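> Using the sequences and the accompanying hints, generate a full structural model.
Residue-level listing of the chains:
There are 2 protein chains.
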Amino acid sequence: MATQAPGRWQAIAQTKQQAIIDLIPEKWRISTPLPAPAELRDCTGDYIQQYLTPREVEITEADAVSITQQTTTGAWTSVEVTEAFCHRAAVAHQMVNCLHEIFFDEALAAAKALDAYFVTHGKPLGPLHGLPVSLKDQFHIKGVETTMGYVGWIGTFEGKKNDPRARTFESELVKELRGLGAVLFCKTSVPATLMAGETANNIIGYTSNPKNRHLSSGGSSGGEGALIALRGSPAGFGTDIGGSIRVPASFNGIFGLRPSGGRLPYEGVANSMDGQNTILSVVGPMATTARSLKLLFKSILEQDPWNHDPLVHEIPWRSSVESKFLSIVNESPPSLTFAFLHHDGVGRPDPPVSRAVRSIEEMLRRQGHQVSKYLLFDIYATPCWMNVDVKKIIDWCPPSHNIAHAIAKEAFHMDGGEDVLNDLALSGEPQLPQCFVVKAAHMTALQISDLNIRKRLYQKAYLDYWNSTSELTRSGRPVDALICPTAPHAAVIPGCFRHVGYTSFVNVLDLTSAVFPVTHADKDSDLLTPTASAGNLNNQHENMTLDSDYNASIYDGAPVGLQLIGRRLEEEKVLCLTEYVSRLWNELP
Amino acid sequence: MATQAPGRWQAIAQTKQQAIIDLIPEKWRISTPLPAPAELRDCTGDYIQQYLTPREVEITEADAVSITQQTTTGAWTSVEVTEAFCHRAAVAHQMVNCLHEIFFDEALAAAKALDAYFVTHGKPLGPLHGLPVSLKDQFHIKGVETTMGYVGWIGTFEGKKNDPRARTFESELVKELRGLGAVLFCKTSVPATLMAGETANNIIGYTSNPKNRHLSSGGSSGGEGALIALRGSPAGFGTDIGGSIRVPASFNGIFGLRPSGGRLPYEGVANSMDGQNTILSVVGPMATTARSLKLLFKSILEQDPWNHDPLVHEIPWRSSVESKFLSIVNESPPSLTFAFLHHDGVGRPDPPVSRAVRSIEEMLRRQGHQVSKYLLFDIYATPCWMNVDVKKIIDWCPPSHNIAHAIAKEAFHMDGGEDVLNDLALSGEPQLPQCFVVKAAHMTALQISDLNIRKRLYQKAYLDYWNSTSELTRSGRPVDALICPTAPHAAVIPGCFRHVGYTSFVNVLDLTSAVFPVTHADKDSDLLTPTASAGNLNNQHENMTLDSDYNASIYDGAPVGLQLIGRRLEEEKVLCLTEYVSRLWNELP
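From first to last, the protein sequence lines are chains A and B. Numbering-wise (the numbering used here), the first sequence opens with residue 1 and increments by one. Numbering-wise (the numbering used here), the second sequence opens with residue 1001 and increments by one.
No incorrect hints appear here.
Covered by chain B, per the in silico footprint, the following chain A stretches (three or more residues, Cβ under 8 Å):
#1 275-285
#2 307-313
#3 412-425
#4 435-447
#5 450-462
None of these hints come from the bench; they were simulated from the model. Treat the numbers as computed from the prediction; the structure is a model and nothing was measured. Just so you know, even glycine gets a beta-carbon here, dropped at the ideal spot from N, CA and C.
Below is the structure:
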């Protein structure tokens, strides 16, 4: 693979960048540039609405469940819904740079066919009939390309020239979405390499946060996060190997689900470091409400993905588990047990994040549920993994998250960066600073085996710890869910993402985790107190900047989401409890 | 780890070998040595019965289901049943060398406690109350050691000296068996390294086949196979990474199940090349009847192994699948579809094996089920993977098994043999010729990723092929099960195991496969005809001896079992259909 001549990649990238803009119909172009972030921090809500008709606002601010209630009954046509979202997505892209591929014409044609289907058959094609769904630019869709942010992938199939699959091959999830009646209309931005907590690449540039344009939309599913936050899409799918669904969900104030491996099909999806199977990337939904996550997740399972993806387990949607927890959440007195991890011992959360955790904990305690501060007093008597006053800052006392953090780091660097460096070399483009992959030696087979064993032992130790909590709960069940930060900061200042451990431990353990929005950084409430700035408990851990660069004024308005974590393959429970906790939170006076 | 001085390992091995014999009570010793195999080929049945009382014969020749019907209702005491099996196992070991660990005293104490439990509570402890269960010597059991056939592991924990887990740690499956009321009484022989289709090691020597003492008991769960064939145990557990449950099941004329990964717990089990996670070894039951496999498999699932093994999926026994197939097998006209793989294109089956496949195919066709010779005619029109007359020898025309064979070989040699060579070096003992691991360079991370991708693509292609058969079946379902050889030969002449591909493709694909006994080699019927000896279709494939050394007279009496294979995680269906096919076969006039 010859490297392109210097200067050449910039031209290719610029042509592609312009081609994306050119696909936006003239009528949807924003003629005047947006004010600078200092003048216009938040471009969601009122601001973006000015470009839309009231009817378009009505449609695009409905969630996926409401939309399908209308489209599957014929109350709204697919064409009208699709057009509204295409319009809003086009505006969103011009504001925050969140799209890689636009195919509104194909979307409108598909919508027309769905409307015709409804007329002919008097019923919808499937549960997602007429629902626009956006996809992260790793999914292959007929008619458009997949660059995954690499200049060298433009005009190829995953970097391979003259491959007949280019613009023709479709990922399994895409086929299933079509079978369910969903309308695909755009693909969203990712950081080249995918290994970053922010979204930037040499093709489209930087994807900003729509709630606070000073900040990042997160990564690697940052385009999905920003687009959905702007209501340019009601729901979409991202992927997550270290936090790539959850970080952008949290940073954009939306919901996201990281299922355990083997529930949703990854078959035929482009990826970085494909074949690394110590920690598998997974596909998961992102949306504006918890119930929309459930709609998407459950609908895909209705397509029996295990018959088409050899890595998916045959576990259909388990209504019995959902019913069990629907009944438990309504029990009186309340009987749920929530554990809280306020601090993972590596990266201290910034004030808005700590406030979010404390607020949810306080709410659930007042509601009468058992929360871990009281739950785990017995464990406080035993040696804990950190030499700190656990009563003050730690409630959940599992095997050290330092171990998980180290395992994830090794797994992500297994091939010494060779895969991503090869893909960058295809065009000669430089690596962006946000990518955390560094060049190193390949691990050998025996080193990889050793890593796999350490990972399994850690999983076992964490599982045993979680089981042990049943001795301390009123319900007799082990802790129902763990609630913790998604990152040590709210939506982050570009270049300042400092610790991925709050999400990556979930990937190491292969747990189920849903992110729900909680609050926004507030420059008046969230001040860095002397205590809070005392630094990190373990700042020798690695050469990552662990000291907070929290700045109350810049962060003001940045969304903060939290994770609600269940055990492996507990998606039904996690979705049910996330909807419950989020509803309680929104109903608070 | 310093290598032992020459001569030292022999003394350690001999002491251990004698220690095993010494644990057999004097009253159960066989005073005169067995006649040579030339005089006494088969030591099962009548021959071993001479050492037992009629009551002991009655108990030990009952299958696990019948035994638990007696022990869970109090009709038979656990002590009587345990004592009968301990006696028979002791005799079996003296005949074929099949035990590594004997702990009859502990077993009898456990049986006594179970009897007391029954008296006190008026009910059994669990569904396996009072059932003796043998385990391959990879499972850790309190009070005894795990050598796994390595001299260097004697007196250690998995080769580690002074490790507090030695003789105290228990594997997860062991704990679950105790919870179900099973009585553990012995651990069975394995080949050192586990990577062999025969069972031999430098501690106990060679485990012979009880049906034909000239031959091998198979491997690596060869001790289980031989012991169960002699009815020295009603049921046990082996492990399978390339055929290690199925080969000994086939060679010993018993039943064995290789479940897909993630159903039964491997947690805390010793292994070779642990941490290699391209092809995971799995745990599975072996027994004298198909229904006994189901009893063991289903009982373990009742212990919720997913709560204790982080790699087990939460998939309880699915009665609905079982009921569906119980009803399908009774449909009239018969509606099942069976595909047959007579030859995998690599290693030509010997006459007894071909006869077994043809016999089952003929029986199912006569029964009115659809079988693949007629099923797949449409596919014959398309280019097949081998340039041969498929109508004559191939009925199932999947992606080439050569690919699977190569993938398995690479996976098993990922670390260049380092793990097993290190374990052999602990004592300085030599590698036995049956082990197929050879010293080579480690694969690098990128090579391993590439292998993982090829494996996934092969799995996907095979799945798509299997799905495609639904267009050709009367039922509209894809082929219900594939039936094929377990090895190209019946129980094999020592040193002559020549092709593991009939079992290892199942591991590459992670399918569910059950072995059922079909026939025995017959020196008069199973002659090597000129056509049959024409060699292999692809004898350049590798340096393994693929030419048959079939010898009708030596093989006479050797058991032949076949595999009944379902898709990934289809254990309920596979167990149901195996019981059905096996019953039909046994009821044939």
